[in-house]
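Trainee: Modelling step: build the complete structure from the supplied sequences, incorporating the hints.
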Amino acid sequence: MSVTPAVALRDRIADHFLPDAPPCLAVGVSGGSDSLALLVLLSDWRDRGGPEISAVTVDHGLRPESAAEARQVSDVCAGLAVPHETLEWSGWDGRGNLPDKARRARYGLIAGWALSHGFADVALAHTADDQAETVLMRLAREAGLDGLSAMAPRRHDAGVTWHRPALPVTREALRGVLRARGMTWADDPGNADPAYERVRARQALAELAPLGITAEGLSAVARHLRAARVELGLQAEAAARSIVAVDQGDLLIEGEGFAALSDELARRIVQAALMWISGADYVPRGRAQMRLVDTLRAGRGMTLHGCLIGVGRGQIRMSREYRAVSGLRVPPDGIWDGRWRLSGPDAPGAEIKALGPEGLARCPGRHRTGLPAASMAASPALWRGAELLSAPLAGLNNGWSARLSRGGEDYFATLRGDWPPH
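Numbering (our numbering), first residue to last: 53 to 474.
Because the hints were derived from the structure by calculation, they are not lab data. Some hints could be false.
Unchecked claim - Think about it this way: if two alpha-carbon atoms lie no more than 20 Å apart in a straight line, the pair counts; the simulated SDA-like pairs of lysine to any residue are:
| id | residue 1 | residue 2 |
| --- | --- | --- |
| 1 | Lys153 | Asp209 |
| 2 | Lys405 | Gly379 |
| 3 | Lys153 | Gly143 |
| 4 | Lys153 | Val251 |
| 5 | Lys405 | Leu380 |
| 6 | Lys153 | Glu140 |
| 7 | Lys153 | Met189 |
| 8 | Lys405 | Arg381 |
| 9 | Lys405 | Pro383 |
| 10 | Lys405 | Val382 |
| 11 | Lys153 | Pro116 |
| 12 | Lys153 | His112 |
| 13 | Lys405 | Gly451 |
| 14 | Lys153 | Leu139 |
| 15 | Lys405 | Ser395 |
| 16 | Lys405 | Arg436 |
Mentor: Quick look at the structure:
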C-alpha cells in the first residue's frame, strides 16, 4: 500500500522523538506555514498514539496583523482539539537588533510558559531551508566547525528541551501538507525584506540552485559537520576532566596539561570556560580565542568576554571580570549574573550586586577564603543602600550562603556541544 506524503512526513517527524517520546509536548506556532504544518503533523501523530500536545503563540505586537494571526492559530488549534495559548511581548524599544531581541523574547516567554504548564519538551518548526540559510550566513562570517554545524536537532536550555523535528524537511514539503488540506497560512512581510540578513541568504540560496547547492544539501553538510563536532567535543570533555576544576565561580586549569593540548582542544576548553563563566549566548570570534590560547601559553593573562584570565603557580584561573558585573542589580530572591543564587533571612530593602573593591575592604575574613581578591570583588553580595549585609564568597556570611545555578557538570556539558543556543 502506498504511503501519502503527509503520512511519510508525519512518520519522519515522529522518528525524531523515538524511541523515548515524551508523554506531552508543547509546540511553538507562529501562524506561518512551517509551524502550522508541524502542528498538523504532530496532531496526526497524537491521534495515532503520539504525545499529547499543546500549542503556544507569541504575539510580538510589531505588526497590525499579528493579533489576527494569533487568533487564526487559535481557530486551527480548536479544530484539531489542541489546547492553545497566546503570549504577548511588548519589549521592543526601537533600538538594537529587532530579530535578535524578538527571538530571545520568544524563547524566554515560551520556556516560562512551558515550565509553568508542566512541559519539559518544546517543538519548533525550523526546516532544512532555515538550516541552509544559517550555514550561508555563518560562511559569510568565516565560521569554523562549530558555526557551520549550525542548528542542533535538540538542545537543553532555560529548563526545557527544544526540539527541531522538521530540520531535515524542506519548507515546500511542509506547505504541501497544508495545501492538501486546503489550509492557508500567514506570510510575514519581513520574510521578503532584504534589509534582513536571513532574507538575503534565502535569496542567495535560490541563486545557487543551478550549481546543485540546495537547502537539503547544505542541511546535510551541517549534519555531517555536527557529527564531527560532537566527536571533537567528547575529546575536549575527556581532556578537560583531567585538567579543569571548579573553585566557587572560577575555573582552574592545570598549566602543564593545558600546554600539552593541541590547539583545537585548548581552544575548546577555554571557549567553554568563557561561556560557563559569562553565560553569554555567543562566543568570541575564533581569532580572539586563539589569541587567548597563545597568550596563556606564553605565561600571560588577559581579559576577554567579561572574564578575567590569569596565570600563576602552574595554573590558569578564569574568573568573572568585576567591570562586567559592576552594574548588575537583582532582588534577594533573583539570580545574579545569570548564575548565582543567595539564600538567607529576610532582608527588606536589600538587593544583590557585586561586592566590588569597596565592599571587599569591609570583609575581615576574606583572606581565609582562598579566593583571589579579583574573584571576590566580582562575586555577589547583599547590600541595603551603602550597607553591606553579606558577602558569602568573601567570608562575610551573616546567615547567607551563595550557590551556583550552573555547576561543574554544566561546564563539561558545554564542551559536549550544547551551544550555541539557537
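Trainee: Against this structure, judge whether each hint is valid.
Mentor: Hints and how they fare:
no., hint, in the structure
1, Lys153 with Asp209, "holds, 17 Å"
2, Lys405 with Gly379, "holds, 7 Å"
3, Lys153 with Gly143, "holds, 9 Å"
4, Lys153 with Val251, "holds, 17 Å"
5, Lys405 with Leu380, "holds, 6 Å"
6, Lys153 with Glu140, "holds, 14 Å"
7, Lys153 with Met189, "holds, 18 Å"
8, Lys405 with Arg381, "holds, 5 Å"
9, Lys405 with Pro383, "holds, 9 Å"
10, Lys405 with Val382, "holds, 7 Å"
11, Lys153 with Pro116, "holds, 19 Å"
12, Lys153 with His112, "holds, 10 Å"
13, Lys405 with Gly451, "holds, 17 Å"
14, Lys153 with Leu139, "holds, 16 Å"
15, Lys405 with Ser395, "holds, 14 Å"
16, Lys405 with Arg436, "holds, 10 Å"
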